[in-house]
Amino acid sequence: MPPAEQAFELIHAIMHMHRARQLRGLHEGPSELTHMEGKALGHIARHPGATQSELVAHSRRDKAQIARLIGSLRERGLIETQVDAQDRRSQRMQLTADGQRLYETLQLQGRTLARLGMASLSAEESRQLVALLQKVEQSLSATQDEA
Numbered sequence: 001m002p003p004a005e006q007a008f009e010l011i012h013a014i015m016h017m018h019r020a021r022q023l024r025g026l027h028e029g030p031s032e033l034t035h036m037e038g039k040a041l042g043h044i045a046r047h048p049g050a051t052q053s054e055l056v057a058h059s060r061r062d063k064a065q066i067a068r069l070i071g072s073l074r075e076r077g078l079i080e081t082q083v084d085a086q087d088r089r090s091q092r093m094q095l096t097a098d099g100q101r102l103y104e105t106l107q108l109q110g111r112t113l114a115r116l117g118m119a120s121l122s123a124e125e126s127r128q129l130v131a132l133l134q135k136v137e138q139s140l141s142a143t144q145d146e147a
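Just so we're aligned: the sequence shown equals residues 1 to 147 in the numbering used here.
What the hints contain is simulated information worked out from the structure, not anything from laboratory work.
Owing to the predicted nature of the structure, the values given are computational and were not obtained by experimental measurement.
Just so you know, even glycine gets a beta-carbon here, dropped at the ideal spot from N, CA and C.
It is possible that some hints are incorrect.
[As the list claims (entries may be wrong)] Distance ranges between label pairs, derived from CB positions:
no. : residue 1 : residue 2 : range
1   : A85       : I14       : 23 to 33 Å
2   : Q128      : G77       : 40 to 50 Å
3   : K135      : Q107      : 21 to 31 Å
4   : R61       : P2        : 29 to 39 Å
5   : E80       : L116      : 14 to 24 Å
6   : P2        : P48       : 40 to 50 Å
7   : A142      : R89       : 31 to 41 Å
8   : R115      : S53       : 29 to 39 Å
Whole structure, please, built from the sequences with the hints as guidance.
Structure representation (structure tokens):
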């Protein structure tokens with residue numbers, strides 16, 4: 001297999017293992033979040049005051065799916081919404097105290113998983129890997145319209 005294909009096969013396998021471990025943590029946790037709920041919670045944590053439209057654009061999911069997801073997170077007391085003062089049709093989302101605690105737990109799980117994945121690398125190897133992956137990302141970003 002050519003090195004480029006082998007590299008992407010490895011990246012895919014690593015991400016598959018990472019996502020499987022994340023999902024196991026989500027399902028075994030106290031709130032039993034789905035993968036998409038976890039991603040939405042993270043987006044709202046990083047962007048307090050985000051709107052449903054912004055979450056739709058970020059996630060590339062349809063409006064109805066995001067509306068159901070937001071409703072579920074709100075019903076479980078993980079987010080709260082407020083009507084936007086400038087656009088009364090829009091609602092701004094933010095985490096509740098319970099949502100913030102859960103997000104912090106998810107972040108800790110993610111950091112632990114990252115440490116486990118990189119444990120066999122030296123500090124220099126870790127820096128090299130990050131630098132190489134950034135170059136790959138930049139190459140793909142620069143050519144995103146070509147494939």
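Checklist entry - For the pair A142 and R89, does the Cβ-Cβ distance stay inside 31 to 41 Å? => result For R89 against A142, whose Cβ atoms are near 37 Å apart, the range 31 to 41 Å holds.
Next on the checklist: Given a hint of 29 to 39 Å, does the C-beta separation of R61 and P2 actually sit inside it?
Outcome noted: 34 Å, holds
Next on the checklist: Against the range 29 to 39 Å, how does the distance between the Cβ atoms of R115 and S53 compare: consistent or not?
Outcome noted: 36 Å, holds
Checklist entry - At the C-beta level, are Q128 and G77 separated by a distance inside 40 to 50 Å? => result 44 Å, holds
Checklist entry - Quick one: are K135 and Q107 within 21 to 31 Å, going by C-beta? => result 27 Å, holds
Item to check | Range agreement (Cβ of L116 with Cβ of E80, hint 14 to 24 Å) | outcome: This hint is violated: roughly 34 Å between Cβ atoms.
Item to check | Status of the given 23 to 33 Å range, CB of I14 versus CB of A85 | outcome: At roughly 44 Å between Cβ atoms, I14 and A85 fall outside 23 to 33 Å, so the hint is violated.
Checklist entry - If you check the beta carbons of P2 and P48, does the distance land in 40 to 50 Å? => result 45 Å, holds
Checked against the numbered hints above, the structure breaks hints 1 and 5 and satisfies the rest.
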